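So the protein sequences, as listed, match chains A and B.
Residue numbers for the first sequence follow my numbering, so the first one is 1 and each next one is one higher.
Residue numbers for the second sequence follow my numbering, so the first one is 1 and each next one is one higher.
FYI, nobody ran anything at the bench for these hints, they're computed from the structure.
From a predicted model like this one, the values you see are computed outputs, not experimental measurements.
Note that CB positions come from ideal geometry on N, CA and C, so glycine has one too.
One should not assume that every hint holds.
[As the list claims (entries may be wrong)] Partial pick of chain B residues on the chain A-facing surface, computed with a CB cut under 8 Å:
(1) Q712
(2) G741
(3) R744
(4) P747
(5) Q860
(6) Q900
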Amino acid sequence: MPTLMTGTPGSAYVEEIIDLVRTKNPAEPEFHQAVEEVLESLAPVFDRRPEYRSARILERFVEPERVVIFRVPWQDDQGAVQVNRGYRVQMNSAIGPYKGGLRFHPSVTLGILKFLAFEQVLKNSLTTLAMGGGKGGSDFDPKGKSDAEVMRFCQSFMTELARHVGPDTDVPAGDIGVGGREIGYLFGQYKRLRNEFTGVLTGKGLNWGGSLIRPEATGYGSVYFAAEMLATRGETLEGKVCLVSGSGNVAQYTVEKLIQLGARPVTLSDSSGFIYDESGITREKLDFVFELKNVRRGRIKEYADRFSGVVYTPLDPKAGSNPLWSIPAQCAFPSATQNEINGVDAANLLRGGVYVVSEGANMPTTLDGVARFLDAGILYAPGKASNAGGVATSGLEMSQNNMRITWTREEVDQRLHQIMKAIHRNCAETAAEFGTPGNYVNGANIAGFLKVADAMMDQGLV
Amino acid sequence: MSQDAGRPTGPPAVRPLGSGGRLHGFQDLSRYRIHDILLVSTVYDAFILTEDGQLSESVLRRFLSFDAYHAPRLWHAATGADALALATRERRFDLVITAAHVGDMRADAIARALAARDPHPPVVVLAYDPRDVDDPAALAAAGIEHVFLWQGDVGILPAIVKLVEDRLNVAEDTGTMGVQAIILIEDNVRYYSSFLPVIYAELLRHSQSLVPEGLNLSQKLLRLQARPKILLCRTYEEAWRDFTAYGANVLGVIADIEFARGGARDPLAGVDFARRVRELQPDVPVMLQSGARENAAEAAAVGATFLYKDSPTLLHEVQRFMIEQFGFGDFVFRRPDGSEVSRARDLRGLEDELHTVPPESLAYHADRNHFSRWLKARTEFAVAYRLRPRKLSDFATIEELRQDLIQSIHDYRREQNRGIVADFEPATFDADAGFSRIGGGSLGGKGRGLAFGSFLLEAYGLSSRFPGVAIAVPPGIVLGTEVFDRVLDSNGLRDAAIRSTDERELLARFLAARMPDDVLRDLSAFLERARYPLAVRSSSLLEDSPSLPFAGVYETYMLANRHPDVRVRLERLLEAIGRVYVSMFGRHAKAYLESTPYRLEEEKMAIVIQKVVGRPRGDRYYPDLAGVARSHHAYAVPPLRASDGVAAVALGLGTAVVGGEPCFRFSPRHPRHLLQFSTVQDVLANSQRAFYALRLDDAGERQPTEDFALAQYGLDVAERDGALVSVGSTYSAENDAIFDGIGRPGPRLVTFAPILKHRVFPLAEILAAVLELAEQASGGPVEIEFAATATPWRGQPPEFALLQLRPLALTREFAELDVGRYSDLSLVCRSSSVLGHGRIDDVRDLVVIDSTRFGSARSQELAAALGRINASLADAGRPYILIGVGRFGSSEPTLGLPVQWDQISGARVVVEAGFRDFRVTPSQGSHFFHHLMTFNVGYFTVNPERGEGFVDWDWLAAQPAAGEEAGVRHVRVERPFVVEMNGRDHQGVIAKPRDG
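Extracted from the complex, chain A is given alone in its bound form (with noise of 0.2 Å):
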């Protein structure tokens, strides 16, 4: 281990830099709490990379590259003056635009934009694609406001925000409160003022600029990353028993991939419980689902009923644990909700053979369970990598809107299939080079930053 020119260890940089964060920024405390997540967790980084420290590499990193705040002037139904803020934090644009999406909520704060900006900066990093990071939005709710009072404020927004934005400076994409129906107005207001279509943000409708697969793209990432870990040892998805929990978007993509692949997943679920399908499911049955979930919009339990030897279990509120965790399996996909496996869950899930577990749910483990894993030693991606998927099928969408064609839906998986192997590649080597091969959360928390830390070096002081 190199020695430091300070003779500090990493971690008093990085607590150095969270007292400075405190210090500047008062009143944001959801940023300083990301802010002492994340460095905490690259400590060991500044112990081996010592030329970050005195390039304040860490310094620079935690101070937004530019911040526009604006007035935000409509007037609603009833002929009322309305005012809201608008915000757009340009956090870092060391490896490619910024790009992070939009959020219309109430409680829309700097603070809050900074922590989600400050996090988009490393997740953009870590799909190895060209996307710098930032976050922006504003206080307006639209719950309760009609489509004509939304178009308003959208067109108010993007005529203050156009002046910031465009397809090789910012690229926004659709968050909380911002959809299709938000980024059409916003995409609309934009190319008037502009006079030119071009690809200034992501979550476009499908006949004018988006991209294919953005549904499928998170379950189908998943898969993809399991398979590549699978692959460090020699193993393939063929024939291995897949716990799937949940059973939306995420879920559902993620049991197709998973039968493409060869592999039988058994399980799926909603709110009220899950069902147990030892036999598989299959292409038909997945069939019955998408019609049951997206079009009927009704509860799982009725694959129980549509098919002979499925069982249904019931959720228990008042349980401390999910039976579903305790299926024997190879591979679980928890693609539900935020902390769906505790730790019991995560023993339950170790004693009952499982040896991969891919998150396509944004942290659905506890730390608990986390470190479980952990200590077991199995493959276990953290959703920051596993999940990217979604992440980078924006990523996609920039690069058809800037060559100007459009996709197939197999040209688009195949490049998610890439993109899924590379971060892959990326998270293993990192841990291996910190010392902890194996732990794909070491490597998730180390990759991103790396990549955008080194391009900072490299472009000098700016």
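Following the hints, position chain B against chain A.
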């Protein structure tokens, strides 16, 4: 609302109701008479009292029965200010009967204002809500003479007038002239409001039975005048004063056992009173009533008849007591030798018996003018006069006489019955627009609401405001409560029904019961004309009671009504009617009624038989949409105001809305501001997935058991049927968007966008107009049920049908839910941003998320712990108050607890509090907001840092925990918390238990 008043252009404040002087030429012999009554009430209340079809006639006839030649003239004022102005201008009123609240003024204020004038009329309060009579002393202090409670019996109005008159005349008539008097000692408003009409009715029969043959008319009238007086006393001293004054002429005493004596409640005051009465006058019958059975012995000891107050047949026993004491006057058909053939109780009975009595009996009575005399004794003067000149010798045969008598009485009855809701006439009934009645009695709550709605739509020309849309109450008929009584009595079902606990056996008896022939004929004739699906709906007396939501307590059945043979259709209709009748006596309904201040015996059932609004589509039948709307929106958030109202609609039959299934909510005045449908995820989570329709296939034709005829279908069926065009939208996962209409491929959703955004049908405008009109006329918030077809079909225009109209009991509470009276020290929580309305005072459990332990990292753990505590409280049937930091149901752990609805489903009140530098924005619009509204959960937002209310965290922390898990504390208290929420100004409090 007299029929010749022409079409009014706005609800008039003052207008004479009904008409006096129907009979004339007789001198008023009593000293004090009430000639002009000022009724101060909303138009709706006045309508129910006086124009419920034949009620106006019925009230009038009751007056005429008492006084024979005189009925008071009824005036109406819709506001307190109008009443005072009118009283000043006219100076003619002998009595003011006022509701407890009339929009701008309370009864005590009206009484005080009137008392300041000289002379001033007595003021009587007729309350519509039992809670308004909780404190009669306060009302008495304002100079209010009597307080009564409206319980659905129109006899209350004559009883009030007679009671006031009796008291004014007793000194002269009884004291001087020796007219007899009954002393009634009762201080419970609800009880005497039930008794008095019954007692007066019995008195009337009694006095008629006293009318001997051979008296001339004026003598007979004198006899009727000389009916016993009733002296209502509330205390021992009052009663004893009356007994002392009129003792020799006291016909009997009906007394409670416990009432006030010497300024305090005496548990045996009645027993002592009876003993003293007996000592002075051993032959005076005394009935003692008590809610305690053990008092029977006490009553027996003093020789009094005992009546158990909670007896399910209380009123009947009172009647029986009086009949046994005072005699009764049926028309008794006899042969010339005096042997009895049969009896007739009333006009209809007389008409029925006339068909069958032997000719010698007919001749016997006709020759002696018995019919005319009997009718006159009952004050049926018009028909009595008509019959009187007809001698047996005028007719060729006795059979001719028989037909003439029957026809005269029949015609007379029909005239009597004619009101707003016409009697069903087979020859003239319009199956496409008619709304008629079969049988007498009340129309019941729903029937009244529909009659009132029909009147409003007609009178204010709503259809003309929406050209091209037919706006109406669907065609149909109402079976009056008299039919119910006849079915129960003629089949001997009444007592069995009240006492039975075996529902299956009772159902069998009801299904086997025989419907009276005349009703059968009418129903059959109705079915001949009504060739559309029918809804058979309960319409009980209490169903429109504003304070008691009876929705869903009684049954409703739907009939496809398609069988080619009318006899088969009649059979099915009769079965449905029988099932609705029996539902009144089911365990569910009995249990519900027990929780109300009413007794089953007071309840009667009318039945609405109405066209189901909709269209046949394939083998189904359903409307494009149906739903419920209220003129008051307790969960309104800006820009919506509470007074903008709220509607919940669904595709298909309204079953989905009433049943609490996913439906679509909007404010008719802001149809494009949709709280629950702002984001794609919200729409997916909250919108309707399936719809209800009436089956037109075999199943719909079979017996109407348990909504058997209804079925649920997916939206794909609606799309094939063409019903989705007006209400559908399309979801696109690829675009993360919902597109209005069903033009693009993708899963379908019910969003009502074509109607509400693209105006293919003026639903919001019609709802706003109907709610405004109904609210104005009812003097308070209203609720309506409706159904509509949004597109023309086979030459018929789009249709908006009003299916129900009832007042909501909110007005009273706005005045009284003044949460400012609580001191902050006595409160757990105060908020100025509360959604919901009303008072909750039966919750003893509280679950609190410790503010110091909240943090985004732990939010999932907290949510899970909360879910477990919720589940165990729900299992124990214990509702609770939930207090937490941040927003519940937030998807962002930094903003609050990411709970699902089922993790907090047992909460009756939810408090979301900000903490330190952390401000909460209400979850309004989040997916479980729909549940808050559906289940009437109170919803408080508190941001102490911004001066918006507070939570007493220290007090909460100091309470011992009944359970604690991961920072979620469960507190249970001995005495309940009191929660008050005022939906008008959004103020609310949660008070600490009083001994806490």
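Hints, one by one, checked against the model:
1. Q712: violated, 11 Å
2. G741: violated, 13 Å
3. R744: violated, 10 Å
4. P747: holds, 4 Å
5. Q860: holds, 3 Å
6. Q900: holds, 6 Å
When held up to the earlier numbered hints, the structure conflicts with 1, 2, 3 and fits the remainder.
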